[in-house]
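Here the protein sequences come in this chain order: E and G. Going by UniProt numbering, the residue at position 197 of the first sequence is 197; the numbering climbs one at a time, nothing skipped. Going by UniProt numbering, the residue at position 183 of the second sequence is 183; the numbering climbs one at a time, nothing skipped.
Hints are supplied without guarantee of correctness; some may be wrong.
No distinction is drawn between identical chains; accordingly, a pair holds when it is met within one copy or between any pair of copies.
[Claimed, not checked] Straight-line distance between alpha carbons at most 20 Å, and here's what the computed EDC-like set of lysine to aspartate or glutamate pairs gives:
hint : residue 1 : residue 2
1    : K68       : E97
2    : K199      : D227
3    : K199      : D19
4    : K134      : E230
5    : K199      : D84
6    : K199      : E187
7    : K68       : E8
8    : K199      : D53
9    : K134      : E103
10   : K134      : E110
11   : K199      : D88
12   : K134      : E248
13   : K68       : E57
14   : K134      : D83
15   : K199      : D83
16   : K68       : D19
17   : K68       : E56
18   : K134      : D33
19   : K199      : E56
20   : K68       : D53
21   : K199      : E20
22   : K243      : E97
23   : K243      : E195
Hints were generated in silico from the structure; no laboratory data involved. Values in this document were obtained by computation on a predicted structure and should not be read as measured data.
2 protein chains.
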Amino acid sequence: MASGGASERVTAAVLIIGDEILSGRTQDTNLRDIARYLGVHGVDLAEARTIPDIHEEIVEALNALRHKYDYVITTGGIGPTHDDITADAVAAAFGVELYEHPEIIAQLTERWGDQLNSARRRMARVPRGGDLVKNPVQGPPGFTIGNVFTLAGVPAIMRGMLEDVGPRLRNGAVTHSRTVRVEGSGEGTIAAPLEAVAKAHPQMSLGSYPFFGPDGFGSNLVLRSRDPEELSATVAELVAALKAAGVENVREVEAAA
Amino acid sequence: MASGGASERVTAAVLIIGDEILSGRTQDTNLRDIARYLGVHGVDLAEARTIPDIHEEIVEALNALRHKYDYVITTGGIGPTHDDITADAVAAAFGVELYEHPEIIAQLTERWGDQLNSARRRMARVPRGGDLVKNPVQGPPGFTIGNVFTLAGVPAIMRGMLEDVGPRLRNGAVTHSRTVRVEGSGEGTIAAPLEAVAKAHPQMSLGSYPFFGPDGFGSNLVLRSRDPEELSATVAELVAALKAAGVENVREVEAAA
Chain E
1 MASGGASERV
11 TAAVLIIGDE
21 ILSGRTQDTN
31 LRDIARYLGV
41 HGVDLAEART
51 IPDIHEEIVE
61 ALNALRHKYD
71 YVITTGGIGP
81 THDDITADAV
91 AAAFGVELYE
101 HPEIIAQLTE
111 RWGDQLNSAR
121 RRMARVPRGG
131 DLVKNPVQGP
141 PGFTIGNVFT
151 LAGVPAIMRG
161 MLEDVGPRLR
171 NGAVTHSRTV
181 RVEGSGEGTI
191 AAPLEAVAKA
201 HPQMSLGSYP
211 FFGPDGFGSN
221 LVLRSRDPEE
231 LSATVAELVA
241 ALKAAGVENV
251 REVEAAA
Chain G
1 MASGGASERV
11 TAAVLIIGDE
21 ILSGRTQDTN
31 LRDIARYLGV
41 HGVDLAEART
51 IPDIHEEIVE
61 ALNALRHKYD
71 YVITTGGIGP
81 THDDITADAV
91 AAAFGVELYE
101 HPEIIAQLTE
111 RWGDQLNSAR
121 RRMARVPRGG
131 DLVKNPVQGP
141 PGFTIGNVFT
151 LAGVPAIMRG
161 MLEDVGPRLR
171 NGAVTHSRTV
181 RVEGSGEGTI
191 AAPLEAVAKA
201 HPQMSLGSYP
211 FFGPDGFGSN
221 LVLRSRDPEE
231 LSATVAELVA
241 ALKAAGVENV
251 REVEAAA
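Between the sequences and the hints, there should be enough to build the whole structure, so can you do that?
Now the structure itself:
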């Protein structure tokens, strides 16, 4: 942050919503990914809570955290099934109603046509007064209202949505971002070189956003740093490490929106 | 749960104490390990919080959780360095003093001899009225006071200490779990039959955990109950409901631990 409030501490909390974490069935990794992402953006993760899919618990935790910290990021509970109740709880915490967002309905209609049933329509519901959080990976967007960002629980989608959170944070430091695109190689191939480069640059954020579709598969690797020189050096290092690992189709692309 | 308190729900919370988790430097795995351990002992993990190494934050969270749940398990902050302040905070929460436990001093003296400095002596401090939690792995023990168990943060040591926690829990009933795997159908398709079955069995836990990747997509549906007979009947009911809804590729798989 070039200007004035350089010493101001900006804080965030993470609210992980999901029985599957509390039962031990699923190992959460979103907390670490969000912590690193926020760190690069100059925001301190000050607390995290993991709670079950219970309406009152979500409302209570959300209200406690959103009044205590500058930002709250929730993960999980925004899919189409009956246990996906995060949108309802966020709306209740803010005392507003849910409505079907026309952009999401349009997107779901394009995807599902006359198979757009009531379960899928659930995913179009956002609190009144809220705004959308882009989902560059797969499926409908997340949303934001007040100082709360509500993201998916699936790690790859959560990380993709985070890319649309950073620019909205009143952050301590400007973050630079560049994207390296790999085509025709899966995450299993790129994981080792990516991890090696990430470990060598602990101050940076490196994310992998896989894609797959009729035209092929691969991953967009997003590198983020406060230091543009380290960023450039690391992009070169990553490309070299990927090629050394046998990844042939790798190139830098325009940063994803 | 063959006997008496069959319907009694016993709950626990986990309090993860450590800046290294909130900075994203360390990936926590203790939550999952504790959740699984408690599940086997018939105790429901109802909430988890991750907080920094700040005295007031630890005291406040500990007091909130120990009054709300039957048990609290803390991890982290019991080593020899200046930021290891968990013992102080637990003592403060219970309004008691710390003292050097003679058993731990004896153990440390045997290990360190005249290298037993003041930093290492910190690890001998336990709250008055507390009891030790055995450490079968390495280093000094943890401790317990009231309904709180204070364990190490290092995963292997934490898991070892857990073995001395289970026998002290007033445990309810073991929870049984089975998993139905759907391939080639998304959550939008399975939501309606899943919800119908969930509504018919309010005492059970039914969760949907989607997956997708280059090899395909689908969802693991996890059913959990304390009643193995209801569990079996519900698995059969769910498979039938899914097939009736046009989901073809559905089968039971080995339950995740």
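Which numbered hints fail: Those not satisfied are hints 1, 4, 12, 14, 22.
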